[in-house]
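Going down the list, the sequences are from chains A and B.
If you read the first sequence in my numbering, its first letter stands for residue 114, the second for the next number, and so on.
If you read the second sequence in my numbering, its first letter stands for residue 114, the second for the next number, and so on.
Hints listed in this document are in silico derivations from the structure and should not be mistaken for laboratory results.
None of the values given here were measured: they were computed from a predicted structure.
Be careful, since some hints might not be right.
Which copy is meant is left open, because identical chains are indistinguishable; a pair holds if it fits in one copy or across any two.
The list that follows gives simulated cross-link-like pairs (lysine to any residue, SDA-like), each with its CA atoms no further than 20 Å apart [to be verified]: (1) K398 - E230; (2) K175 - R324; (3) K398 - V127; (4) K255 - R321; (5) K175 - R377; (6) K440 - G417; (7) K175 - N345; (8) K280 - A174; (9) K312 - E335; (10) K175 - L346; (11) K440 - P231; (12) K175 - R342; (13) K255 - R377; (14) K398 - R411; (15) K255 - R324; (16) K312 - G259.
Here is how the chains run, residue by residue.
Number of protein chains: 2
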Amino acid sequence: MPLNRRITLAARPVGVPLESDFALDEVEIGSPQMGEALVRTLYASVDPYQRGRMSEARSYAKSLEVGDVITSVNLGEVVESNDPRFSPGDLVVGQLGWQEYANARAGTLRQVPPLLEPPTLALHAIGLTGFTAYFGLFDIGKPRPGDTVVVSAAAGAVGQIAGQLAKLAGCRTVGIAGGPEKIRDLTELYGYDAAIDYKSDDVGGALRNERVDVYFDNVGGEISQAVQRRLNLGARIVICGQVSLYNAVRPEPTFHPGLLVVFRAHMEGFLVFDYAHRYDEAAGKLAQWVANGDIHWREDVTDGLENAPRSFIGMLNGDNRGKALVKVAERA
Amino acid sequence: MPLNRRITLAARPVGVPLESDFALDEVEIGSPQMGEALVRTLYASVDPYQRGRMSEARSYAKSLEVGDVITSVNLGEVVESNDPRFSPGDLVVGQLGWQEYANARAGTLRQVPPLLEPPTLALHAIGLTGFTAYFGLFDIGKPRPGDTVVVSAAAGAVGQIAGQLAKLAGCRTVGIAGGPEKIRDLTELYGYDAAIDYKSDDVGGALRNERVDVYFDNVGGEISQAVQRRLNLGARIVICGQVSLYNAVRPEPTFHPGLLVVFRAHMEGFLVFDYAHRYDEAAGKLAQWVANGDIHWREDVTDGLENAPRSFIGMLNGDNRGKALVKVAERA
């Protein structure tokens, strides 16, 4: 058995994480216990929520301790199984962390359909990012045909899917992203009706003639403040993420609840994990739309587990163009 | 015909309104046009939303101009009618403004049941404040038996009714108000299970052992920030008012949308006027509960139209103990 290389939390980041907040180590990995499978990581996911796990602030999940492996969802291959549900060679998705190997309880693993091509779709459009867009948009945003749906971080992992789902629901879609490459992707790849570059445009001005029925918010902060001045009556604000604030040492409040009275609007937060009992529903729909060519996607792959911290820091800075993934190993 | 005394806006208040922001004048009042009724004011209502009408900021209703009569809902008596639906002597409620007489379109008036005693209930528990509590709590807050419901400005007009409706729905109720008299009313008159005096207690500390399922918010600001740290998963925050901010010249944002993710919570604003098609439903239920002795209420009556500005300024400062009303005339 080779040693297991892992990325652990070396220090709690203060503000913007540094590569020195992470450490690479190697440990032995045992055999799977009864009911477990040993999984080799092929791709590890890089997501904004990981920043929250690194801080001590109370949140929806327990914080990481210094020395812990960084939490992540991975695509992996079963190497050895001590559970009847999995066999060596099976492709699975699970919360395995930034490491080469993990023994996982079989009940926490999700089988990847054998013919899914590329299999990394199970980490993106037909995985947690797709599910996040699906439940956030449809269950919280409740779009109706003809609605105007604005998405922030619209070229990001969740945003690119959310915009296309809104289009499928018959909505006008407006995406907000930073920089000319992402802006081009918004209209040319993801089918947004309009694109706003927050790095060069005045977001509030660009939305002057819009009446926003659904705001799918991934970023918070100033961009969201500008969007929220353009709400339509009865608007729904879906709080998916607030990534612009995740590195703030002491984030200031950004929202006036009185706006919800002016616009008779509704703001709601959600966590995709609460919808686990409905993942199959979302996966079925998303797979069909991907197969039909109705959903396009882009991955931003970094090679090598040791580069996961760099990919993560870049993503928090908006450097990624599409779903951030780290390739850890080739399939056997 | 006597002259019509009116309170008009003399100047837009900056910050806390001053009595000099209002003027008293006298004008002639004509006879009602076809489809109108001439109504003599008996009681005029004093409500926080009036502060919003006095400022220029964009909101859900048009601002008052300097010289306009202050908007208000009144209980009045029909003096002369040019519409078959009303006869002299009828008691009505309508948006008549701070003045002794108004010609109102008959369709905008609401008949007060002849035996309602006292008839000012039609401005309070069986009127717009009761309707506000009813729709805000039941349609937005959606309380379930056993839920913990926290109400701010809990001894105020809407708050006192909201707390009692939550109790009727089988909830544990916690009221927040300022000063020993109101605090006594909360538990002794309005049946709150617990009362917090924000003037002497640390609100967050007092809520340490609560898990708040519904927060019916009338005040905003620091009190709300403290409550929002004690939410239960799936909490509903009903934004009814933000009175602590109405006098702020440039109110700062007070809310972190990310909290809604942590607690998978929902925040929604509403306006009672949007529920006009359901006022009869609310009036019927509220009248029954009042008749049964299930809803208690308190009025805070100021005598004389000329004292309406003083009553209003005091209410914004929290000086009123119960629904603020101005008595303008005796019934003929």
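Here is how each hint holds up against the structure:
1. In this assembly of identical chains, the alpha carbons of K398 and E230 lie at most 20 Å apart only when taken from the same copy (16 Å versus 59 Å across copies).
2. Taking the shortest Cα distances, K175 and R324 sit within 20 Å of each other only across copies (19 Å), while inside one copy they are farther apart (39 Å).
3. Taking the closest pair of Cα atoms, K398 and V127 never come within 20 Å of each other, the shortest separation being 40 Å inside a single copy and 55 Å across copies.
4. Proximity of K255 to R321 under the C-alpha cut-off of 20 Å is found in neither arrangement, the shortest distances being 23 Å within a copy and 35 Å between copies.
5. Taking the closest pair of Cα atoms, K175 and R377 come within 20 Å of each other only across two copies (16 Å); inside a single copy the shortest separation is 35 Å, beyond that limit.
6. Taking CA atoms no more than 20 Å apart as the test, K440 paired with G417 passes inside one copy only; the shortest distance there is 6 Å, against 78 Å between copies.
7. In this assembly of identical chains, the alpha carbons of K175 and N345 lie at most 20 Å apart only when taken from different copies (17 Å versus 37 Å within one copy).
8. In this assembly of identical chains, K280 and A174 lie within 20 Å of each other by CA distance neither inside one copy nor across copies; the values are 33 Å within and 33 Å between.
9. For a Cα distance limit of 20 Å, the shortest separation of K312 from E335 inside one copy, 12 Å, qualifies, whereas the shortest one across copies, 33 Å, does not.
10. Taking the shortest alpha-carbon separations for K175 and L346, only the inter-copy value of 15 Å comes in at or below 20 Å, while the best intra-copy value is 38 Å.
11. Within a single copy, K440 and P231 get their C-alpha atoms as close as 13 Å, which meets the 20 Å cut-off; across copies the closest is 75 Å, which misses it.
12. Taking the closest pair of Cα atoms, K175 and R342 come within 20 Å of each other only across two copies (17 Å); inside a single copy the shortest separation is 35 Å, beyond that limit.
13. In the homo-oligomer, the alpha carbons of K255 and R377 lie at most 20 Å apart both inside one protomer (15 Å) and across protomers (16 Å), since each shortest distance falls under that limit.
14. In this assembly of identical chains, K398 and R411 lie within 20 Å of each other by CA distance solely inside one copy; the values are 19 Å within and 56 Å between copies.
15. In this assembly of identical chains, K255 and R324 lie within 20 Å of each other by CA distance solely inside one copy; the values are 16 Å within and 28 Å between copies.
16. Taking the shortest alpha-carbon separations for K312 and G259, neither the intra-copy value of 28 Å nor the inter-copy value of 49 Å comes in at or below 20 Å.
In this structure, the earlier hints numbered 3, 4, 8, 16 are contradicted, and the remaining ones agree with it.
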